[in-house]
Amino acid sequence: MAGHSKWATTKHKKAANDAKRSKLWAKLIKDIEVAARTGGGDPAGNPTLDDMIKKAKKASVPGDNIERARKRGSGEEAGGADWESVMYEGYGPNGIALLIECLTDNRNRAATEVRTAMTKNGGNMGDSGSVAYMFKRTGIVTVKKGELTEDDILMAVLDAGAEEVNDLGEEFEVVCEPTDVQAVRDALKDADIEVEGADQDFRADIEVEADLSAAKKTLNLIDALEDADDVQNVYTNMSISDEVAAQLDD
Numbered sequence: 001m002a003g004h005s006k007w008a009t010t011k012h013k014k015a016a017n018d019a020k021r022s023k024l025w026a027k028l029i030k031d032i033e034v035a036a037r038t039g040g041g042d043p044a045g046n047p048t049l050d051d052m053i054k055k056a057k058k059a060s061v062p063g064d065n066i067e068r069a070r071k072r073g074s075g076e077e078a079g080g081a082d083w084e085s086v087m088y089e090g091y092g093p094n095g096i097a098l099l100i101e102c103l104t105d106n107r108n109r110a111a112t113e114v115r116t117a118m119t120k121n122g123g124n125m126g127d128s129g130s131v132a133y134m135f136k137r138t139g140i141v142t143v144k145k146g147e148l149t150e151d152d153i154l155m156a157v158l159d160a161g162a163e164e165v166n167d168l169g170e171e172f173e174v175v176c177e178p179t180d181v182q183a184v185r186d187a188l189k190d191a192d193i194e195v196e197g198a199d200q201d202f203r204a205d206i207e208v209e210a211d212l213s214a215a216k217k218t219l220n221l222i223d224a225l226e227d228a229d230d231v232q233n234v235y236t237n238m239s240i241s242d243e244v245a246a247q248l249d250d
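Residue numbers for the sequence shown follow the UniProt record's numbering, so the first one is 1 and each next one is one higher.
Be aware that one or more of the hints could be misleading.
Said to hold, decoys possible - Label-pair ranges, simulated between beta-carbon atoms:
1) 64 with 112: 30 to 36 Å
2) 54 with 107: 39 to 45 Å
3) 106 with 209: 33 to 39 Å
4) 216 with 191: 17 to 23 Å
As the list claims (entries may be wrong) - Listed next, the in silico DSS-like pairs over lysine-lysine satisfying Cα-Cα at most 27 Å (straight line):
5) 55 with 189
6) 27 with 120
7) 23 with 58
8) 23 with 71
9) 58 with 189
10) 54 with 27
For the record, the hints were derived by calculation from the structure and aren't laboratory data.
We put the CB at the ideal spot given by N, CA and C, even for glycine.
Make the full structure from the sequences, and use the hints.
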């Protein structure tokens, strides 16, 4: 799983400038609103909301912003937008498949933003279903490594539906079915292992290994897509080897 492991670390190396940070905060605030609207405003009874709040705090989103988003989503405070999830599909450089997940209150704006970013950065939009069949929705639970070993994690989650454990450097990632996320969280808690985060992801059944040129072009395209206000997540079947990742870091 070197491709997933290295890709996960590469994907999260975002530039820490003010513009990037404010974009990230806006996306996290949306996630909190939607989670509160879907499952209620009490984090203790809404694991998804709890995870989104933890993720926002980890990204240094101010507490007041988090609380207002929670209240807007739960209806305790007016002003929440009617966010709608929309998925776009397409291809990046070298035929690399892309799933682009948007959370928007204006479908036309979202479609225009995505199409513009794709066109300007060597991507092509695809029809609905053109690449989605290559991806599987997956549950992901992350744990800070600390003194823990991969075997420690495996022993804790083996009977809870975990499919694999990946080493991401500073964290371990437990992969499972989306329906097993809560069971994996509970199993880790029972083993006195603190959960860093839990989420759902899309993982490709078959990956395409990218050389340095394709990796650079694809990462530039992903950055352009993620800069769009309505884009929440970009998923790809690109695999980056350790050697290529090292060159990207230079």
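Hey, residue 55 versus residue 189, does the alpha-carbon distance stay inside 27 Å? holds (18 Å)
Holds or violated: residue 58 to residue 189, with C-alpha atoms at most 27 Å apart: Status holds; Cα separation ~20 Å.
Kindly confirm whether 30 to 36 Å is satisfied by the beta carbon distance between residue 64 and residue 112. The hint (30 to 36 Å, Cβ to Cβ) holds, given that residue 64 and residue 112 are roughly 32 Å apart.
Range first: 33 to 39 Å. Now tell me if the beta carbons of residue 106 and residue 209 are that far apart. Between residue 106 and residue 209, where Cβ atoms are some 37 Å apart, the hint holds.
Straight-line Cα separation of residue 23 and residue 58 no greater than 27 Å? Holds, at about 15 Å.
Quickly compare the C-alpha distance for residue 23 and residue 71 to 27 Å and report which way the hint goes. holds (21 Å)
Between residue 27 and residue 120, is the straight-line Cα distance small enough, at 27 Å or below? holds (23 Å)
For residue 54 and residue 107, compare the CB-CB distance with the range 39 to 45 Å and indicate the outcome. The hint (39 to 45 Å, Cβ to Cβ) is violated, given that residue 54 and residue 107 are roughly 30 Å apart.
Please test the hint of 17 to 23 Å on the beta carbon pair from residue 216 and residue 191. With Cβ atoms ~41 Å apart, the hint is violated.
Has the given pair, residue 54 with residue 27, been kept, meaning a C-alpha gap of at most 27 Å? holds (14 Å)
Comparing the model with each numbered hint stated earlier shows that hints 2, 4 do not hold.
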